[in-house]
Amino acid sequence: MAERITLQVARYRPEEQSEVTFEEYEVPCPKEWVVLDGLNYVKDQLSGSLSYRWSCRMGICGSCGMTVNGEPKLTCATFLADYSPGPVRVEPLRNFPVIRDLVVDIGDFMRKLTSVKPWIIRKEEKPLSEGEYLQTPQEMDEYQQFSMCINCMLCYAACPIYGLDPHFIGPAAIALAQRYNLDSRDEGARERREILSDHEGIWGCTFVGECTKVCPKHVDPAGAIQRYKLDTALESLKTFFMPWGAR
Amino acid sequence: MSQSPSYTEYHPRWIRTRVSTYWWLKRWSYFAFILREVSSIFVAWFVVYLLLLVRAVSQGDSAYQQFLSWSGQPVVLVLNIVTLSFVIVHAITWFNLAPQAMVVHMRGKRVPGSLIAASNYFAWAVVSALVVWLVLE
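Taken in order, these protein sequences are the chains called A and B. The numbers in the first sequence follow the working numbering, run straight up by one, and end at 247. The numbers in the second sequence follow the working numbering, run straight up by one, and end at 384.
Please keep in mind that the hints were generated in silico from the structure rather than gathered at the bench. Hints may be right or wrong, so weigh each one.
Here are the in silico distance ranges between beta carbons for each label pair [stated by the list, open to error]: (1) B:G307 x A:L234: 37 to 45 Å; (2) A:E235 x B:R274: 18 to 26 Å; (3) A:D105 x B:S276: 38 to 46 Å; (4) A:L234 x B:N343: 15 to 23 Å; (5) B:L315 x A:P166: 33 to 41 Å; (6) B:A365 x A:T232: 20 to 28 Å.
When the alpha-carbon atoms are kept at most 27 Å apart in a straight line, the in silico DSSO-like pairs for lysine-lysine are as follows [claimed, not checked]: (7) A:K117 x A:K238; (8) A:K117 x A:K229; (9) A:K229 x A:K217; (10) B:K273 x A:K217; (11) A:K31 x A:K213; (12) A:K31 x A:K43; (13) A:K229 x A:K213; (14) A:K117 x A:K213; (15) B:K356 x A:K229; (16) B:K356 x A:K217; (17) A:K123 x A:K31; (18) B:K273 x A:K213; (19) A:K238 x A:K31; (20) A:K213 x B:K356; (21) A:K31 x A:K117; (22) A:K123 x A:K229; (23) B:K273 x A:K238.
Note that the Cβ used here is the ideal one computed from N, Cα and C, for glycine as well.
Extracted from the complex, chain B is given alone in its bound form:
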């Protein structure tokens, strides 16, 4: 037997399994997480789209009309519908996770998580209503 201080002669023959590249396909909750992460790309696209819209508006009526007809193309339309659904996923998952990150105390008592999530949804509804009012006015 060797005098080495390592504690067995087989050390370190440990098995270390590599995480598969497709780990996120193996469980629904992992997949949902990846969907949430991917949704940020679509959020970024909406930001770019908004900037394009602002640029078109600033360049006058013909540029705006051109932007509108470009937006009406099937490819852009489908992309924006997909984007909208991902942005909704993004918003809903974000609001549902908020109570875990936010701890609010009122009169010495901790506000329950459901109330924190509800207030987030309420704020979302108010802002959306405001935007709708602005657009329709």
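Excised from the complex, chain A in its bound form:
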């Protein structure tokens, strides 16, 4: 029989309790099992009422983000054996309201994400007959790192600024805005600047840098924000000294 490990899982059933409690479950711990496998075992064998989000179990969908032993993690990419002999404490993502057990409300992030218009904006679309918008590999390199974001929100859970000020637009939304700003096919940087250069936008960030450390896709949101700060500062200097050159 494989080794076993104890999961301490945060439970919150709004119809029964007003505070989060922890329940312990002993689950198998073969070396290929991740925390998500442990949770699935709990749901299948021990407590069918446990609620949590998951889908692809391969680090693509970004839905299984939770707090594992105090760190924001994708539970599908966090091996139980690494925490042996345990226990492993599984909590919902920090900085978000908890709806039930390990499920948090992501509405705030979804609204912020759409507010930065993370799609290609053209002043004028060219007709289909003229073919696709071409791009060189060098032009793609400019933004590709930021396009790896899977919206898992680990960066929001790691960001103390977002925890203290929920109005802060947050790391992933800014990184994704930069993904389109740096895309050679995009012409929407000006439209995005209004929301990004706001007090609750890039200037809310004090460069703690934790977002970059916890990102499972190596997006470097902190880098995206600082780059955008530099760009915006240079842009406003330019408009100050050369008002006639302002776009």
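The hints should help you fit chain B onto chain A, whose structure is shown.
Chain B only, in chain A's frame:
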């Protein structure tokens, strides 16, 4: 069951945990960040100290001597030693973070971050050497 459009009868009984005032003590990286932020107060003190020095120099020899003896007092000395260590923390963390904010291209290729940090340190060393030369000359 109610006809209200809210999606469960328990909505919105969501749990929202408040961030503790001492959040920055819970993780070394948060603490390091706060140290970096606090270092700006010491940087400001060095600016004030420099202005006091300039004022003393402009007021003549006796004022300058008075400034020197004031600076030699244990309290001021300890404050300035602490300030120096914070200013060094400030400079080092600043240079280490620079590559994340600066993207430099040379001949169509992106300059690696380590080179950007190294050039910052190099510039620091050159300026420091210049200052030392000015003082000793």
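Status of the hints after comparison with the structure:
1. Under the hint 37 to 45 Å, the C-beta atoms of G307 of chain B and L234 of chain A, about 44 Å apart, fit the expected range.
2. Remark: the range hint 18 to 26 Å for E235 of chain A to R274 of chain B is contradicted by a beta-carbon distance near 35 Å.
3. For D105 of chain A and S276 of chain B, the hinted distance range of 38 to 46 Å is not satisfied, since their beta carbons lie about 27 Å from each other.
4. The hinted range of 15 to 23 Å is satisfied by L234 of chain A and N343 of chain B, whose Cβ atoms lie roughly 22 Å apart.
5. As the Cβ distance of L315 of chain B to P166 of chain A is approximately 52 Å, the hint placing it in 33 to 41 Å is violated.
6. For A365 of chain B and T232 of chain A, the Cβ-Cβ distance of about 27 Å falls inside the hinted range of 20 to 28 Å, so the restraint holds.
7. Distance check on the hinted pair: K117 of chain A and K238 of chain A sit about 25 Å apart at the alpha-carbon level, within 27 Å; holds.
8. Taking the CA atoms of K117 of chain A and K229 of chain A, the gap is about 18 Å. The hint holds against a cut of 27 Å.
9. With a C-alpha separation of about 22 Å, the suggested pair K229 of chain A and K217 of chain A falls inside the 27 Å cut-off, and the hint holds.
10. Proximity of K273 of chain B to K217 of chain A is assessed by CA-CA distance (about 25 Å); at most 27 Å being required, the pair is judged to hold.
11. A distance of roughly 25 Å separates the Cα atoms of K31 of chain A and K213 of chain A; the hinted pair therefore holds under the 27 Å criterion.
12. Distance restraint check for K31 of chain A and K43 of chain A: the Cα-Cα separation of roughly 20 Å lies within the 27 Å cut-off, and the hinted pair is therefore satisfied.
13. For the given pair, K229 of chain A sits about 20 Å from K213 of chain A by alpha-carbon distance, which is consistent with the 27 Å threshold.
14. Of the pairs offered as hints, the one joining K117 of chain A and K213 of chain A holds, with about 25 Å between alpha carbons and a cut-off of 27 Å not exceeded.
15. Proposed proximity of K356 of chain B and K229 of chain A is supported: the alpha carbons are some 22 Å apart, at most 27 Å.
16. This hinted pair checks out: K356 of chain B and K217 of chain A have alpha carbons roughly 23 Å apart, not beyond 27 Å.
17. Only pairs whose Cα atoms come within 27 Å are accepted, and K123 of chain A paired with K31 of chain A is rejected, the gap being roughly 53 Å.
18. Simply put, K273 of chain B and K213 of chain A have alpha-carbon atoms about 16 Å apart, close enough for the 27 Å limit, and the pair holds.
19. The suggested pairing of K238 of chain A with K31 of chain A is violated, with an alpha-carbon distance near 57 Å, which exceeds 27 Å.
20. A hinted pair counts as satisfied when its Cα atoms are at most 27 Å apart, and K213 of chain A with K356 of chain B qualifies at roughly 25 Å.
21. For the given pair, K31 of chain A sits about 42 Å from K117 of chain A by alpha-carbon distance, which is inconsistent with the 27 Å threshold.
22. The hinted pair formed by K123 of chain A and K229 of chain A meets the criterion: a straight-line CA distance of about 24 Å does not exceed 27 Å.
23. For the hint linking K273 of chain B to K238 of chain A, the alpha-carbon distance of about 42 Å lies beyond 27 Å, and the restraint is violated.
Figure legend: structure checked against the earlier numbered hints; hints not met, in rising order: 2, 3, 5, 17, 19, 21, 23.
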